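Below, each chain spelled out in residue letters.
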Amino acid sequence: NAGVTQTPKFQVLKTGQSMTLQCAQDMNHEYMSWYRQDPGMGLRLIHYSVGAGITDQGEVPNGYNVSRSTTEDFPLRLLSAAPSQTSVYFCASRPGGGTEAFFGQGTRLTVV
Amino acid sequence: ELKVEQNPLFLSMQEGKNYTIYCNYSTTSDRLYWYRQDPGKSLESLFVLLSNGAVKQEGRLMASLDTKARLSTLHITAAVHDLSATYFCAVDRSGTNAGKSTFGDGTTLTVKP
Numbered sequence: 454n455a456g457v458t459q460t461p462k463f464q465v466l467k468t469g470q471s472m473t474l475q476c477a478q479d480m481n482h483e484y485m486s487w488y489r490q491d492p493g494m495g496l497r498l499i500h501y502s503v504g505a506g507i508t509d510q511g512e513v514p515n516g517y518n519v520s521r522s523t524t525e526d527f528p529l530r531l532l533s534a535a536p537s538q539t540s541v542y543f544c545a546s547r548p549g550g551g552t553e554a555f556f557g558q559g560t561r562l563t564v565v
Numbered sequence: 047e048l049k050v051e052q053n054p055l056f057l058s059m060q061e062g063k064n065y066t067i068y069c070n071y072s073t074t075s076d077r078l079y080w081y082r083q084d085p086g087k088s089l090e091s092l093f094v095l096l097s098n099g100a101v102k103q104e105g106r107l108m109a110s111l112d113t114k115a116r117l118s119t120l121h122i123t124a125a126v127h128d129l130s131a132t133y134f135c136a137v138d139r140s141g142t143n144a145g146k147s148t149f150g151d152g153t154t155l156t157v158k159p
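Line by line, the protein sequences give chains F and Y.
Each residue of the first sequence is one higher than the last, beginning at 454 in our numbering.
Each residue of the second sequence is one higher than the last, beginning at 47 in our numbering.
Don't read these hints as lab results, they were simulated from the structure.
Quantities reported herein were computed from a predicted structural model and do not represent experimental measurements.
Note that CB positions come from ideal geometry on N, CA and C, so glycine has one too.
Keep in mind that a hint or two might mislead.
[To be verified] Partner residues aside, some chain F positions facing chain Y, computed with beta carbon under 10 angstroms:
{"#": "1", "residue": "457"}
{"#": "2", "residue": "463"}
{"#": "3", "residue": "477"}
{"#": "4", "residue": "486"}
{"#": "5", "residue": "494"}
{"#": "6", "residue": "495"}
{"#": "7", "residue": "498"}
{"#": "8", "residue": "512"}
{"#": "9", "residue": "516"}
{"#": "10", "residue": "517"}
{"#": "11", "residue": "552"}
{"#": "12", "residue": "554"}
{"#": "13", "residue": "556"}
{"#": "14", "residue": "558"}
{"#": "15", "residue": "559"}
[As the list claims (entries may be wrong)] Restricting the straight-line Cα-Cα distance to at most 25 angstroms, the calculated cross-link-like pairs of lysine to any residue (SDA-like) are:
{"#": "16", "chain 1": "Y", "residue 1": "87", "chain 2": "F", "residue 2": "537"}
{"#": "17", "chain 1": "Y", "residue 1": "87", "chain 2": "F", "residue 2": "522"}
{"#": "18", "chain 1": "Y", "residue 1": "102", "chain 2": "F", "residue 2": "553"}
{"#": "19", "chain 1": "Y", "residue 1": "114", "chain 2": "Y", "residue 2": "68"}
{"#": "20", "chain 1": "Y", "residue 1": "158", "chain 2": "F", "residue 2": "522"}
{"#": "21", "chain 1": "Y", "residue 1": "49", "chain 2": "F", "residue 2": "515"}
{"#": "22", "chain 1": "F", "residue 1": "462", "chain 2": "F", "residue 2": "494"}
{"#": "23", "chain 1": "Y", "residue 1": "87", "chain 2": "F", "residue 2": "507"}
{"#": "24", "chain 1": "Y", "residue 1": "87", "chain 2": "F", "residue 2": "558"}
{"#": "25", "chain 1": "Y", "residue 1": "102", "chain 2": "F", "residue 2": "555"}
{"#": "26", "chain 1": "Y", "residue 1": "87", "chain 2": "F", "residue 2": "497"}
{"#": "27", "chain 1": "Y", "residue 1": "87", "chain 2": "F", "residue 2": "461"}
{"#": "28", "chain 1": "Y", "residue 1": "87", "chain 2": "F", "residue 2": "526"}
{"#": "29", "chain 1": "Y", "residue 1": "87", "chain 2": "F", "residue 2": "469"}
{"#": "30", "chain 1": "Y", "residue 1": "49", "chain 2": "F", "residue 2": "509"}
{"#": "31", "chain 1": "F", "residue 1": "462", "chain 2": "Y", "residue 2": "114"}
{"#": "32", "chain 1": "Y", "residue 1": "87", "chain 2": "F", "residue 2": "460"}
{"#": "33", "chain 1": "Y", "residue 1": "49", "chain 2": "F", "residue 2": "550"}
{"#": "34", "chain 1": "F", "residue 1": "462", "chain 2": "F", "residue 2": "536"}
{"#": "35", "chain 1": "Y", "residue 1": "102", "chain 2": "F", "residue 2": "491"}
{"#": "36", "chain 1": "Y", "residue 1": "114", "chain 2": "F", "residue 2": "506"}
{"#": "37", "chain 1": "Y", "residue 1": "49", "chain 2": "F", "residue 2": "549"}
{"#": "38", "chain 1": "Y", "residue 1": "114", "chain 2": "Y", "residue 2": "87"}
{"#": "39", "chain 1": "F", "residue 1": "462", "chain 2": "Y", "residue 2": "68"}
{"#": "40", "chain 1": "Y", "residue 1": "49", "chain 2": "F", "residue 2": "472"}
Full structure from sequences and hints, please.
Encoded structure:
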């Protein structure tokens, strides 16, 4: 049982490049979310999903896209990377509302 | 907009001492979570609190929830070095936004010998 798997673990991008951060979970959880964590700060919600085919914006959605075609996968796309998107990105899943979230190991992204 | 505030943000304490971390939130919710994060690591769940007056305990940590005061506390009893970490509270929105969790900024705890 792998839990929540994020790839890659580290990534360096040049300004303007695009890329996709992958997130997969094998726990059949309905809810999945993407957060970013900046130094000394809490987690800010980028996008979330309450089931396959359903996504919604969080607090800081600009510059990011998501889709949820399957229960297992929730990729995060950076459309045109900017230095302000340098951060650690966490994907999380949980069975539903009122349940604990399980986090992936994070992706450390640097945009130069 | 739901705001979650933790205090203190930094806490340095001696082994054996007791202390409490506070988590205040701005709108009605009865779903609150505590997580722990070690440096450079991911987050792991500590407690899930789902009703007014809920109390959960695990080892030297005890969490409680007062939904009327919109306040949760994480109490540390007789701290040990292994408890050094950053602790986050998170609150679910209610209603149609129930999939959204808002996190506090975290409390970085350092336990010294």
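Hint by hint, here is what the structure shows:
| no. | hint | result |
| --- | --- | --- |
| 1 | 457 | 9 angstroms, holds |
| 2 | 463 | 12 angstroms, violated |
| 3 | 477 | 15 angstroms, violated |
| 4 | 486 | 7 angstroms, holds |
| 5 | 494 | 6 angstroms, holds |
| 6 | 495 | 4 angstroms, holds |
| 7 | 498 | 6 angstroms, holds |
| 8 | 512 | 8 angstroms, holds |
| 9 | 516 | 19 angstroms, violated |
| 10 | 517 | 15 angstroms, violated |
| 11 | 552 | 7 angstroms, holds |
| 12 | 554 | 7 angstroms, holds |
| 13 | 556 | 5 angstroms, holds |
| 14 | 558 | 5 angstroms, holds |
| 15 | 559 | 6 angstroms, holds |
| 16 | Y/87 - F/537 | 22 angstroms, holds |
| 17 | Y/87 - F/522 | 29 angstroms, violated |
| 18 | Y/102 - F/553 | 14 angstroms, holds |
| 19 | Y/114 - Y/68 | 15 angstroms, holds |
| 20 | Y/158 - F/522 | 48 angstroms, violated |
| 21 | Y/49 - F/515 | 20 angstroms, holds |
| 22 | F/462 - F/494 | 20 angstroms, holds |
| 23 | Y/87 - F/507 | 29 angstroms, violated |
| 24 | Y/87 - F/558 | 7 angstroms, holds |
| 25 | Y/102 - F/555 | 19 angstroms, holds |
| 26 | Y/87 - F/497 | 17 angstroms, holds |
| 27 | Y/87 - F/461 | 15 angstroms, holds |
| 28 | Y/87 - F/526 | 22 angstroms, holds |
| 29 | Y/87 - F/469 | 28 angstroms, violated |
| 30 | Y/49 - F/509 | 19 angstroms, holds |
| 31 | F/462 - Y/114 | 41 angstroms, violated |
| 32 | Y/87 - F/460 | 15 angstroms, holds |
| 33 | Y/49 - F/550 | 18 angstroms, holds |
| 34 | F/462 - F/536 | 18 angstroms, holds |
| 35 | Y/102 - F/491 | 30 angstroms, violated |
| 36 | Y/114 - F/506 | 36 angstroms, violated |
| 37 | Y/49 - F/549 | 21 angstroms, holds |
| 38 | Y/114 - Y/87 | 34 angstroms, violated |
| 39 | F/462 - Y/68 | 32 angstroms, violated |
| 40 | Y/49 - F/472 | 31 angstroms, violated |
The structure is inconsistent with the numbered hints 2, 3, 9, 10, 17, 20, 23, 29, 31, 35, 36, 38, 39, 40, although it conforms to all the rest.
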